[in-house]
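Dock chain H against the given chain W, drawing on the hints supplied.
In the order they appear, the protein sequences are chains W and H.
Heads up: the first sequence begins at 1 in the working numbering, then just goes up one per residue.
Heads up: the second sequence begins at 1 in the working numbering, then just goes up one per residue.
None of these hints come from the bench; they were simulated from the model.
Be a bit skeptical, because a hint or two may be false.
Stated by the list, open to error - Covered, in the sense of this in silico footprint (three residues per stretch, anywhere, with C-beta under 8 Å from a C-beta of chain H), are these stretches of chain W:
| no. | region |
| --- | --- |
| 1 | 52-59 |
| 2 | 110-118 |
What the hints assert, rightly or not - One side only, chain W facing chain H, incomplete, derived with CB under 7 Å:
| no. | residue |
| --- | --- |
| 3 | 80 |
| 4 | 98 |
| 5 | 103 |
No residue lacks a Cβ here, since even glycine has one placed at the ideal position from N, Cα and C.
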Amino acid sequence: MTVETAAGSRLGARDLTLSYEERTVVEGLDLDVPDGEVTVIVGPNACGKSTLLRALGRLLRPARGAVLLDGEELARIPTRRVAQSLGLLPQTPVAPEAITVADLVARGRQPHQRWWRQWSEEDERAVAEAMARTDVAALADRPVDELSGGQRQRVWIAMALAQDTDLLLLDEPTTYLDISHQVEVLDLCRRLNQERGRTVVAVLHDLNQAARYADHLVAMKAGRIVARGRPADVVTAELVREVFGLESVVVADPVTGGPLVVPGRPWGAA
Amino acid sequence: MSAIPQATTAPLARTAARPAGYALVRAGRGSFLVHRRGAAVAAGLVLLLAAACLTYLCVGKTCTAPGEALKVLFGQPSAEEFTVGTARLPRMTVGLLAGAAFGVAGALIQTVARNPLASPDVIGVSQGASALTVGAMTFGVTSYAALPYVSVAGGLLAAALVYAFAWRGGLQATRFVLIGIGFAVALRSVTHLFLTKGDYLVAQQAKVWMTGSLNARGWDEAAPLAWTLLLLAPFVCWAARAQRTVSMDDDTATALGVRLGRVRVGLALLGVVLASVATGAAGPVDFVALLAPQIARRMTRTAQIPLLCSALVGSVLVVVADLLARKLFEPTELPVGVLTAAVGAPYLIWLIARGRTGGKA
Chain W
1 MTVETAAGSR LGARDLTLSY EERTVVEGLD LDVPDGEVTV IVGPNACGKS
51 TLLRALGRLL RPARGAVLLD GEELARIPTR RVAQSLGLLP QTPVAPEAIT
101 VADLVARGRQ PHQRWWRQWS EEDERAVAEA MARTDVAALA DRPVDELSGG
151 QRQRVWIAMA LAQDTDLLLL DEPTTYLDIS HQVEVLDLCR RLNQERGRTV
201 VAVLHDLNQA ARYADHLVAM KAGRIVARGR PADVVTAELV REVFGLESVV
251 VADPVTGGPL VVPGRPWGAA
Chain H
1 MSAIPQATTA PLARTAARPA GYALVRAGRG SFLVHRRGAA VAAGLVLLLA
51 AACLTYLCVG KTCTAPGEAL KVLFGQPSAE EFTVGTARLP RMTVGLLAGA
101 AFGVAGALIQ TVARNPLASP DVIGVSQGAS ALTVGAMTFG VTSYAALPYV
151 SVAGGLLAAA LVYAFAWRGG LQATRFVLIG IGFAVALRSV THLFLTKGDY
201 LVAQQAKVWM TGSLNARGWD EAAPLAWTLL LLAPFVCWAA RAQRTVSMDD
251 DTATALGVRL GRVRVGLALL GVVLASVATG AAGPVDFVAL LAPQIARRMT
301 RTAQIPLLCS ALVGSVLVVV ADLLARKLFE PTELPVGVLT AAVGAPYLIW
351 LIARGRTGGK A
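Next comes chain W alone, as it looks inside the complex:
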């Protein structure tokens, strides 16, 4: 493959077509994930956003086209090497029974370990940092299945962080969380990006959260990208109508000044 991603983008897709058996979910999609930014993919249910994320994380093989990592076709890179630069947190990860928090987080070190080198200084540092950053250090010895939903999600993120990758993909990290935990998780993603310069790609359900936390917003509909760019430029009433089929008013977010989508239309303006 001689195709390359755009400058300033290690991860991207070229002419990507994704399908489950006969059903094509994503077709002919091109994408460049900007390095060091938070990219959020949004779209209605079944628009292919999670499917796209899975393909970016080599959990799904493209039917046509390719996902590129550092100019190489992802499917051709040994999965262990991929895991050293690209981390991914699936939508509903399952922990082994009775595993403790620290044990689970430590498993994020898997791609850096060998049979004869099961624990290094580097592992120690990465795990300690991941747990401190996600504020789960105090839970270290607790079994994961005894934690609340919010705590558990933080533990999973800690595991993905311990993997210590420049690129981090998150599939709907806020699902099943109440609003305060949603904000907590998203703030954490934001901080990771700002403090460590990590490239984050997340699929989010909530358009307003996406607009608030994204540097780069990708709006999908029916397996295609409809719009991409800075939320301030992209999020408009027209886009919301086109992508979600919803009438809305876009106002300035009173907290950030960014776009805020308020569903519905002004009373009387039939």
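Relative to the frame of chain W, chain H by itself:
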């Protein structure tokens, strides 16, 4: 983007980064994580196994003083040479090794299927090994040295069939187990078919073998079993580590750089071969592979099934069961499989009845 806050670049508090309960063992450039409780349990099990073995060697139709038994073990001249060294020791060795192999086999297959029900004696592997072995016996293969290979072929064949039928572009644990149980029943019928077709005397011999009897097992069975297990030992060491990653869900494991398909096939294959080899040497000693890993896991409280402890529990189970089988209804000797089934069958029923809810180890 805002400036980097200073606080986060400062050294972070070193709080329990290494998973609690693990000790770090360094050896040269290598470093290994050893589960403390697991190591303690293993040490305890070794002692228990040693005690069981010594009792096994001393108790029988005639009783031997432990001192005499130890003399025989260490190759010193003793009056009990024949009773201990020739009659009891090889038979015990077969039980010990087969038990360990069953334990590890069960642990591996339960791990791959992520289901405590999936053990080689439930999903048809042992039954496949039995069917082919009994088939071979009825067609004139009666050499105990050749039977292990026949068994391995049978076990692999059964596993391949179950795998082929369970495969739907991926492997789903529940379907795998259910199809396995189906094949187990079918293969048992095949075995009975061979038994009724076969010569009466051969059928008698095969029947005893089928319930898992260590009666009259000697060095001829122990040696090939020991060699095979020794050969497989490096793979078991690999499995002990690889097992960790398979216990996560598929997506997470793949994201962590695990070649899931290969690791799974490798672990399952190893489990099938171990179970078949043990079946070939000792007969299908039922339920040891099902029980041992779960007992071991409850003892060590590890997140995955501990292989070494499963092996030890398997050995203890078979040695103790065979001791009881010899002694309980003296002078009649029971096949050891009858005793392991007496313990294992209620457990299997309990496991199914309990369902998998609240299935915490």
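Ascending list of hint numbers which this structure does not respect: Checked against the structure, no hint fails, so every one of them is satisfied.
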